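Engineer: Single-letter residue listing:
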Amino acid sequence: MFLRTVAMAGVMSALAGTTAMACEISARVSIVGNEFPAIHAVADGAKACAGGEVEANLTADHQKINLAGMQGNPAEYTSAIIANSSIVALMNEDVIRPLDDLVAKHGGALKKNQLITVNGQVMAVAFMANAQHLVYRSDILEQAGIEPPKTYEDMLAGAKMIRDKGLLEYPLGGAYASGWNLAQEFTNMYIGHGGAFFEAGSATPTVNNETGVAALEMMKALSEYMNPDFLTHDSNATSAEWKAGNVAMMNMWGSRMGPLKDPEQSTPEVVATTTLAAPMTVAGGDTPATTLWWDGWTVAKNIPEAEAEATFLAMMNGISPDRLDDEMTPLAVWLIDGYEPTDAAVGVFAAANMNAVPYPMLPYQGLMHTALGAELSDFMQGKESAEQALADVEAAYTAAAKEKGFLQ
Amino acid sequence: MKHRTFFWFFLPTALAMLLFIAMPIVSVVTQSLFTPHEAVLITSENCGPFGCKTETTIDQEATEALRAEKPLGRFAGLSIYLDRGHLAIAEVSDAWTNRESFGGFVSALGNLPFYRAIGFTLTYTFTVTPLLIILGLMIALAVNSLHRHLKGLMIFFSLLPMIVNPLVGSLILFWMIDARGIIGSALQWMAGDPDLSLKASTPMMWIAIIVYGVWHSAPFAFVVFYAGLQTLPKDQLESAQIDGATRWQQVLYVVVPHLMPLVTFVALIQLMDNFRVFEPIVGFNAAAHATSLSWIIFNDLGGETRQLSAASATSVLTILGVAILLSPVLVRTWRDFKGKT
Chain A
0 MFLRTVAMAG VMSALAGTTA MACEISARVS IVGNEFPAIH AVADGAKACA
50 GGEVEANLTA DHQKINLAGM QGNPAEYTSA IIANSSIVAL MNEDVIRPLD
100 DLVAKHGGAL KKNQLITVNG QVMAVAFMAN AQHLVYRSDI LEQAGIEPPK
150 TYEDMLAGAK MIRDKGLLEY PLGGAYASGW NLAQEFTNMY IGHGGAFFEA
200 GSATPTVNNE TGVAALEMMK ALSEYMNPDF LTHDSNATSA EWKAGNVAMM
250 NMWGSRMGPL KDPEQSTPEV VATTTLAAPM TVAGGDTPAT TLWWDGWTVA
300 KNIPEAEAEA TFLAMMNGIS PDRLDDEMTP LAVWLIDGYE PTDAAVGVFA
350 AANMNAVPYP MLPYQGLMHT ALGAELSDFM QGKESAEQAL ADVEAAYTAA
400 AKEKGFLQ
Chain B
0 MKHRTFFWFF LPTALAMLLF IAMPIVSVVT QSLFTPHEAV LITSENCGPF
50 GCKTETTIDQ EATEALRAEK PLGRFAGLSI YLDRGHLAIA EVSDAWTNRE
100 SFGGFVSALG NLPFYRAIGF TLTYTFTVTP LLIILGLMIA LAVNSLHRHL
150 KGLMIFFSLL PMIVNPLVGS LILFWMIDAR GIIGSALQWM AGDPDLSLKA
200 STPMMWIAII VYGVWHSAPF AFVVFYAGLQ TLPKDQLESA QIDGATRWQQ
250 VLYVVVPHLM PLVTFVALIQ LMDNFRVFEP IVGFNAAAHA TSLSWIIFND
300 LGGETRQLSA ASATSVLTIL GVAILLSPVL VRTWRDFKGK T
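Going line by line, the protein sequences match chains A and B. Take the first sequence: its letters are residues 0 to 407, numbered as in numbering that gives the first Met the number 0. Take the second sequence: its letters are residues 0 to 340, numbered as in numbering that gives the first Met the number 0.
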């Protein structure tokens, strides 16, 4: 698979070279971003530009290096590919520049909903959308005689049926790895229960309440039907469990659907019966228990004007509608003009249509996420009560928020 | 050596130490005493693919002015050291006054990140260090008694765990102890419990990490001891044999005393190394069960919002911890040195 991707990337760049897309730049471009196929496709498009050197450093650890690499003057990275959560860290430290002038000059191909504006200024250009949603194995659900769940309560009941009928011992999957993933699942569940993380307009935390306890109790109930190692399972491990045919239902990222439906990575039985559906609601709420995400690119502030312009042009080429061919289209739910949704996009579109909530773009949300990721695992292991875990979250968050100057 | 010669001889080393050891420590201490400015927050309308929303953001111009005025940030003194993420003075004294039993106090401590990390780090350091010294000595004695044609090959294989990158090594073991991995399945079969999972149980995870630590570091002790064995005086050993000492007595009364300075050396290095245990926690995805000071630093710097002051304070505490840990050995070495001159 890896070889195939490499070979394809080679063919694609060769094609790009021969068809000579009209992308001429006059200065250096250096991109830092996360590492998954859709981002590779965008970076490859940027690299197709002629006239200036284009480098891309794509790594899962991009968040650990992008800020440091943009704080210098001149900045090492001229562009960071980020999502709605990670743009906040860059804005907090003021290392990305408003793009209004460049959008006016070169951004003709952009749709209005691609522009991420903060306080009236364009700070990023979004190119894809993402959300977690339900995936299920139609064959196992049929054998168990259950309908695809619409709510988490249905999911629990279905999991019990599957286990009682002896079809699967651990029918549910979930990226519950302690740390970022566990915090993300709590965020989903808490939003689904209608919870608020902070007092309106302030950084004071408000997660230690009945809603938080209910969200945690639901996560605990779900985990009873998961592989006992669930606290070590991130999206990769959960996907691997799915491909091995060990899981019947899970809440998973839209951007992970391509590999799940790839015949080379799993058995024909699993691939054929893997079915995508809308995210679930919980506790009788209307808001689905998921969050909407966008991925986009930014331009560094501490670089010469020529490099900023070159970066903008190269990144525009990376997300050019002309590049949406059979290879690139299925990689993501693109926000690019002319994108025709594929089968892998149904879940994300359903999430958007159900008015799912975007992941909050608050300056202190990242600190809350870190506190959740570190403090919830004791509860999930049954070592402490939900109330104690949430009190710990608030205490850990408060210490961090005081340090960063968000709380007195 | 003349003082003058010594000065020029030592100068490059001193400069390198100043640059790469002293200055980073000064920088870390400084950063741990300052925190970022209070954020100037404003509400703004943010728009994107999913519509517009009124949200809170940072007022960049006002923050910029604050930063220009005081680039280091707010002086926080020791407040970061004392907050909940570190020494948690308020929480600890609270737990002490409200304790119902000593056990309750200890479990309240275990709920605070710093003490939880210290708990695991010390357990790890004080089990792994002696075990790896014993294992290293055993391997060295075994290899030393082999036929010389076999020695080279055995040395190579014994060194492998140290050659493997720690993160890769721990990942390999992580997959082997998975409930569906070879060791995990074997344990399930031996225990007769199909639901047995190493990764879901805190004590098992601790044992797995400790086993990994011994496996990874034993070759270091082995190499040092093996080199030491080559200098073993043959006549002493022979006279011990003539006196009728068993092999065990030879090891205990001749070999071990001869290697003692090396044992101190290995203990010193490994205490330092093991106190900074980090890779297996990441490799084993074990943060839910075991954390260490180094892992806390990693976590503070790896979040979406970096906590430089918190990470710096933990770094300084790590340095202090290593100093305390090494002090008995250092004092002994100093006394030996004094005794000789």
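Worth flagging that the hints you see were computed from the coordinates, not collected in a lab. Computed from a predicted structure; not experimentally measured. Treat each hint with caution, since some may be false.
Claimed, not checked - Straight-line distance between alpha carbons at most 25 Å, and here's what the computed BS3-like set of lysine-lysine pairs gives:
#, chain 1, residue 1, chain 2, residue 2
1, A, Lys63, A, Lys382
2, A, Lys300, B, Lys69
3, A, Lys159, A, Lys242
4, B, Lys69, A, Lys111
5, A, Lys401, B, Lys69
6, B, Lys69, A, Lys110
As the list claims (entries may be wrong) - Where chain B lies over chain A, by a calculated footprint (3+ residues, C-beta under 8 Å):
#, segment
7, 128-138
8, 146-158
9, 173-182
10, 263-273
11, 396-404
Glycine is no exception: its CB is placed at the ideal position from the N, C-alpha and C atoms.
Engineer: Now, for every hint given, state plainly whether the structure supports it.
Structural biologist: Status of the hints after comparison with the structure:
1. Note on lysine 63(A) and lysine 382(A): the hinted pairing is violated, with a Cα-Cα distance of about 31 Å set against a maximum of 25 Å.
2. Annotation: proposed proximity of lysine 300(A) to lysine 69(B) holds, straight-line Cα distance about 21 Å (limit 25 Å).
3. Among the hinted pairs, lysine 159(A) with lysine 242(A) is consistent with the structure: their alpha-carbon atoms are about 21 Å apart, no more than 25 Å.
4. Of the pairs offered as hints, the one joining lysine 69(B) and lysine 111(A) is violated, with about 39 Å between alpha carbons and a cut-off of 25 Å exceeded.
5. Between lysine 401(A) and lysine 69(B) the CA atoms are separated by roughly 18 Å; this keeps the pair inside 25 Å, and the hint holds.
6. Between lysine 69(B) and lysine 110(A) the alpha-carbon distance is near 42 Å, which puts this suggested pair outside the 25 Å criterion.
7. Coverage of a stretch by a chain is defined here by at least three residues with a beta carbon nearer than 8 Å to that chain's beta carbons; for the segment 128-138 of chain A and chain B the count is 1, and the condition is violated.
8. Counting residues of the segment 146-158 of chain A whose CB lies closer than 8 Å to any CB of chain B gives 0, so the stated coverage by that chain is violated, three being the minimum.
9. Coverage of a stretch by a chain is defined here by at least three residues with a beta carbon nearer than 8 Å to that chain's beta carbons; for the segment 173-182 of chain A and chain B the count is 3, and the condition holds.
10. Here's how the segment 263-273 of chain A fares: 0 of its residues keep a CB closer than 8 Å to some CB of chain B, so the rule of at least three is not met and the hint is violated.
11. Only when three residues or more bring their CB closer than 8 Å to a CB of chain B does the claim for the segment 396-404 of chain A stand; here the count is 7, and the claim holds.
Hint compliance for this structure: hints 1, 4, 6, 7, 8, 10 are broken, all remaining hints hold.
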